[in-house]
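Protein chains: 2
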Amino acid sequence: MGFFTRPTSVIRNTYSNIKETKFFTINHVHETILADAHHTSAKYKQEISEFDVTDLEPEYKSQHSAPFVVNSPLQLSMEFIEEYHIEANNTILVIGKINELYVKDELIENDGFINLSKGNIAAINGLDGYAIPKLKTRFSYQRPKTNVNDK
Amino acid sequence: MGFFTRPTSVIRNTYSNIKETKFFTINHVHETILADAHHTSAKYKQEISEFDVTDLEPEYKSQHSAPFVVNSPLQLSMEFIEEYHIEANNTILVIGKINELYVKDELIENDGFINLSKGNIAAINGLDGYAIPKLKTRFSYQRPKTNVNDK
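Quick mapping for you: the protein sequence lines, in order, are chains F and S. Here the first sequence is numbered in our numbering, starting from 1 and rising by one per residue. Here the second sequence is numbered in our numbering, starting from 1 and rising by one per residue.
Same shape as in the complex, but just chain F (with noise of 0.2 Å):
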């Protein structure tokens, strides 16, 4: 799993605390949290946590030191893996393992399906959008159509 960061011609705090621990957490952002998540991407300095500034609460379940957000419906244990650096827009791609996976029970259906939507878990639309979306619909395994592959 990974993620990209942009330049870090600026300070990048994220990035900075990843390479120095080798750990994190990705927490899926919910309906509840949606102002508050927002709100992590101001430009905080290094020794400012955004738990402080937020009513996010910060949860210490796992074996590393890296909080999770407390009552986030999914949340991942996050091991550093390895970097790239991206030279079409100079950005660095962050690749994680993941170690560990806490979903809400209610998120899980029968055959192991992890409807997000029943965490009201939300999508992203460009930089400033938000939506909770709910799930339409899902599909079987596709595979050609009859004899099309034989023509």
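One or more of the hints may lead you astray.
A pair counts as met if it fits within one copy or between any two copies, since identical chains are not told apart.
Unchecked claim - Subject to a maximum C-alpha distance of 16 Å in a straight line, what follows is the list of computed EDC-like cross-link-like pairs (lysine to aspartate or glutamate):
| id | residue 1 | residue 2 |
| --- | --- | --- |
| 1 | Lys-104 | Glu-47 |
| 2 | Lys-134 | Glu-31 |
| 3 | Lys-19 | Glu-82 |
| 4 | Lys-145 | Asp-55 |
These are calculated hints, taken from the structure and not from any lab test.
Based on the hints, put chain S in the right spot on chain F.
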């Protein structure tokens, strides 16, 4: 803009098409073509066009030969730029440059924001789940709360 493709140990038509022609298109999936769009994941032989086995229709309007999908609310004309082999999971990150962007007028808000939900564009959940999100809110650009950085 980029996307990941799985190992090329099996034939990947999308990947080999792009490497050969250097051009491709990205077409947002919207509500009325959900089932056909999902069906394009079926493994057809290289010489079979997904346009021939679905109701999706090709649209040629770009300088190059790659077709768009008719009526897709947001269409991108892409040119291959570079690729990275991701060691962690043996995938390839394919990066393209956006040469042309076609957006239906009704998606564009007064400030230039592209409201995907006005095009009934799908969000995905896992490999086979689809939602049609409706934009809930937009937030302003966030700055640190007053004086917190000065404490």
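Evaluation of the provided hints:
no.: 1; hint: Lys-104 x Glu-47; in the structure: neither (32 Å within a copy, 45 Å between copies)
no.: 2; hint: Lys-134 x Glu-31; in the structure: both (12 Å within a copy, 13 Å between copies)
no.: 3; hint: Lys-19 x Glu-82; in the structure: within (10 Å within a copy, 26 Å between copies)
no.: 4; hint: Lys-145 x Asp-55; in the structure: between (52 Å within a copy, 13 Å between copies)
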